[in-house]
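Please take these sequences and the hints and turn them into a complete structure.
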Amino acid sequence: MDNLFGVPLSSFLIALTLLVALIFGFLGWIWWRNPLLVKMGLRNVTRRKTQTTLIVVGMMLATLIVSAAFATGDTVGYSVTNQIYRQLQGADLVITFDQNKVSPGVTELTDADVVGLRDALADDKDVEGVSGLVQTRVPAINTADQRAEPLATFAGVDPASIDAFGGLVSLDGKELSATALTGDRAYITDRLSEGIGVGRGDRFTIFYKNQPIEFVVEDVVRDNAMTSSADGPAGENASTTGGLVVSLDRWREITGEQDRIDLIVVTTVGGVRDSLHLNKALKERVETYIDESGAPMDVIFTKEELVNLAELVGSVFVTLFIVFGLFSIAAGVMLIFLMFIMLAAERRSEMGMARAVGMKRMHLTEMFVAEGMAYNIGSAMVGALLGLAVAFLLVWVMGQIFSEFGLDISFHFNLRGFVIAYFLGMVVTFATVAFSSWRAANLNIVEAIRDLPDQPALRSRTASLRSLGPAVLAVTWTLAWIGLIVFWGVMAFTFFTVGLTTYGLGMLGGGLLLGLYVFGIRLVQPGRFSSMRGWRAWLGWALWVALFFPLSLITWSLLLTRGWATRNQNIGGWAVWMLIIGLLATWWGGWPGSMAFAYTAGTTLFILAVAMLAVYFGADPRPAFTIASLLVLWYWLLPLPFSLFVNDASNFSDPVLRLAELLGVAPGKEVQGNIEMFFVSGIAMTAAATLFVVFNADRLLGAVNLVTRVLGGLTPVLRTAISYPLASKVRTGMTLAMFTLVVFSLVVMATINSNFTQLFLGQDAKGGFDVRVSANSSNRIPDLRLALEEANYDVDANISGIGTLIAASPQVKATNSEDDFATYLLQGMDQKFASLADFPLVARATGYESDKAVLEALLNDPTLAVVDESRTAAPDAFSDPGQTDFRLGPRTADLKGQPWDPIPVTVRDPDTGKEFELRVIGVLEPQVTSINGGWLALFTQRSVVEQQLGGGDTESFYLTTLDESKSGTVKVASGIEAALLKKGVVATSLQQAIDDSAAQSNAFQYLFEGFMGLGLIVGIAALGVIAFRTVAERRQQIGMLRAIGYTRRMVALAFFMESSFIAIAGIGMGLLLGAALSYNLLTSPELIGETGAEIDFKFPLVRLLIIIGIAYGASALMTLIPARSASKVSVAEALRYE
Amino acid sequence: MNQTGDSASPFAVEAVGVVKTYHTDNVQVQALRGVTLQVPKGDMVAIMGPSGCGKTTLLNCLSGLDAIDEGVVLVDGVDINTLSDDDKSHYRARRMGFVFQFYNLLPVLSAVENVEMPLLVSGVPAKEARERAIQALELVHLTEWAGHKPAQLSGGQRQRVTIARALVNEPAIVWADEPTGDLDSKNADEIMELIVGLNERNQQTFVIVTHDLHIAQSTNRIVNMLDGRIVEETQTERGRAGAAARG
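Chains A and B, in that order, are what the protein sequence lines are.
Whatever position you read off the first sequence (first residue = 1), add 2 for the working numbering.
Whatever position you read off the second sequence (first residue = 1), add 613 for the working numbering.
One or more hints might be untrue.
Unchecked claim - Part of the chain A face toward chain B, derived, beta carbon under 7 Å:
hint: 1; residue: Ser655
hint: 2; residue: Pro657
hint: 3; residue: Leu661
hint: 4; residue: Thr717
hint: 5; residue: Pro718
hint: 6; residue: Tyr726
hint: 7; residue: Gln1038
hint: 8; residue: Ala1045
hint: 9; residue: Ile1046
hint: 10; residue: Thr1049
hint: 11; residue: Val1133
hint: 12; residue: Ala1134
Hint data in this document are derived by calculation from the structure and do not stem from the laboratory.
Predicted model, so just to flag it, every value in this text is computed and none were measured.
In this text, a Cβ means the ideal position worked out from N, Cα and C, and glycines have one as well.
Below, the structure written as structure tokens:
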């Protein structure tokens, strides 16, 4: 993978390398100025080894996730790219028949088209060859032992021109020539060779139009796009079953299709992998030829486009994993912050003493930064390496899943991606460490030395309207610094992504300018480089201002006002800014920007800001933040609880919109949101829930006291176990938030995934049938019952009903639309099919009282049709906007919401040009087409296909069996395949197909859920850090408890229950919030309207129990160690401990 | 003699030849070098000496908070060093009270909750434990502060809560390590007055470690230590008066 969404990875690497160099430069500067600080910081690392281990484990998570994401994405991109090269070999352009140019007599490519293109490119120095080939699917049988493959690709190639493409390669890597394909000789691919058990020199038979044709294997070749990728039966997935290759003449002799060409391939000069740079220009020349000549050709892809797509796929995987890992990364950042709070608490008195003897606050910050970087370097490496291990596991699982689709995924290590992950983790951790260190160094000297409690920060001592103004300005000062840093970061990043040739200049120039700027700051700051002293200082200052005029003025002003800003900042100033940002974000997101992220985040900020402002003016923090947190929770969980009592609760889902409507300023459009809303909702709800718990902890304790009275001997243990966490708001709150975030994300993913699997892979997907039999277009079966009886299969003993569909591929368009005709599948159903089918409809036209009535009407009126829901759904992200697509017109939501008349569609036979009209009276539920791709179609009477479309292309049969159990249907399917071996039918138990799809879907889901569950490591590490810290903090109290009669076991139990309380509370909160959000999402009218699917909402209890069990179990194990350590404290020593 | 310690021995504490050595890195420190001491029931003894003489170590060893290397310690006739760790804990909960210099109250619990802790640990039902805790607080004149947390009490009040906690389980002996060390003189006098009153009324045995002679003179007997040994035992004026009254 060379790019991540268009940005070269090398640019990322350079930018990150510079940032890391800056970080180490900063460390070097600290060491140069004051090596004692670095020494103190580094010695703290070895002070408590267990704590150090926990810190490293907690810090490494962000790097682990990024490393795993990059390694996985890179592996996928690399594997797909390799697959493309293997499949295409020398083919650089692939051309097929342009369906938009269908006209009577022109329905496929011919030899003349190949010759025409060849002649046009004869003088093109980049082109090495042009060739045409044909492909179809036939059954292949090893007559010696009856091993068979029903859908082998039967390819015909032109020996005179195909050798230039290098597509015929033996298993030992030798290039073979198609000129050897004379008479009955054929190359057979590796997959087919294994599938039917034949090798070089063996004989095997294919069946075409029910006639056997025997071949001798000339040699076994590797599978690729030329040899084994023909389209399967209409609507079926292309299977990976291998194929055989014969000469074009022999193919035509067998099939009788004398002039047909399916694909034209063009190869450029150069090898398989080194000619990509020629593809784009060549494609343009070919398209120019097509336009000028009017040939019915369409360049479907070039090798370069596919390779770029592979890169994109890799990038998507990287992004997907990083997005899903965002919760864990957020929890990881919180853990780093929490750990530094704990470290600061541990060393409070010594830090106070250090300040008392003359150390500055900045020195303490630098000391913590040095210590933090020591952890960082180690943890980033551990995280990067473990990320590789996780990626290896993910790739292994994906390999099992993707192999079903013929894609080989195997782990690929990319050093650049590894280094990027390592550096990125280091940079993110450093930023958090720097902020946490600055925060930790902020202490009151006297309170620290005397170990007095910190004064509460929430209330401002000088709260008044008059002091609010300066407070707002002071906060503006901080925001200006943040803006300055962000501006520099964006400029620097832009500088280094301008392009390859300017990297050198960019690096030098940018580095020089940055150095000058920082040096200039030192000039104006009192200290070592004293300002305004000597002509050199004046000159330097003048140069600095001249070079960076606006930036330098801003920086200088900020430096001058530093002291004033620090003194005047308070909660009121921050609240006002949050109010302003919240209002602006809500307005921008709801009105011009139409962005749900800004809209909802702005509203949340606004609510919290109001609470902060109330506290600033003297309100009690508890009720203020309780009300604010409940409002935020309620806002995010709307339309609950109204949706529990009202059918359509959409009026209750957006109070801001209701208010705007009342005021007459409602926006005219819906706000749009995407996957980022998952992340925003989690953060907002977790923050609100944590605030609520933390500020109402004492009330909860009162409830616990009522419970503990009945618990007798456990009372003292339980009481201390719960009282202590509730007394430490910050650390308990942060740990609760970590657990809640990760469990929330897991619960939402698990619930949504399982409900969608249940919806789309439930019994509706069978459509009322048990077995599907797909005939081979090369060996049609007009009557399945007859064919089975002729093959001595006992139909009556196994099958209760046979419904038939005949498929055709006409061109279709909605009659009243401006769209062009587009090819779409048309299925003609017989009476039996209609009577057996159980097709739930998402919408019916007026006048049809039930779904059954619609199908019955179809049988009685050949002008009626139903269509699948994909034709009324909104186009998805993967639709090609340049591709003409058949759409019915109205959306699913529109058809569900109001009565509608039958919608006319025009159908055109591509062979004859004849048109006729059908009227659509129903739309299938989307789950009906989950496993039957052949039902992504228009459905009408069989007679329409037979009479209007020349009999159609192929049949498929849908059976009901006497034994409806899964094993019974599997037995029937395999019996039918065996009986009709020579016809190349594929028979599938629909229940088996559902189970296979569900298994694949579940495998993917477990993959992502497992990846997201990595965040639990953070919560568990947090518990461990807190537990170890509390044992140290409460040593004297442990001694006292032991003195008054606590046994060792009771002490251990108290600490264990303390950690358990936090874990259970966090897991419980995550479970409740995740469940509520999932319920909202899955029962929302918007989802039902868009997909047409009404979900029978269920909680996946087993899966949730597993998540909770693992989360709690791991937490319990982690806290056993400190609990045991607490129990082993020597009483006498503990009593002396200070 | 039985494990609950209801013995006919006239002594609350008997220590014979107690030796305690601390090992830290490569250094061995012999904190007690063969200490022999007897504390009759109902007595109030002060242990004094310079810093590092071993007085707190002696208290810890006599109360079973720390193990001894040599010698015998009998508390109410029970050789506590033969008890298992759990049995020692049970014994402390039922038969001993502790008063520490720095109170060691649990900051997250209220005064009455701190006081009732030893009873709950001993298995006394919650309702009875609460009643007895209130009674203990009455003894130290702090009933109206029962619901307050330690942070809301003054130093003297906190020490009273500690004393109430030490007495709530009606211990045979109360161990006090510098009970007035963190108090001003007025509070210190009040606390000693309380302790002396409890000793006189309830015949509770007190062993008090202190460096304050004025405090020590409130007791019956002063035991002076130096370098891990008892070097002198003297009866105070109060002690002599008491002995004379008993005839």
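Evaluated hints:
no. : hint    : in the structure
1   : Ser655  : violated, 42 Å
2   : Pro657  : violated, 39 Å
3   : Leu661  : violated, 43 Å
4   : Thr717  : holds, 5 Å
5   : Pro718  : holds, 4 Å
6   : Tyr726  : holds, 6 Å
7   : Gln1038 : holds, 6 Å
8   : Ala1045 : holds, 5 Å
9   : Ile1046 : holds, 5 Å
10  : Thr1049 : holds, 4 Å
11  : Val1133 : holds, 4 Å
12  : Ala1134 : holds, 4 Å
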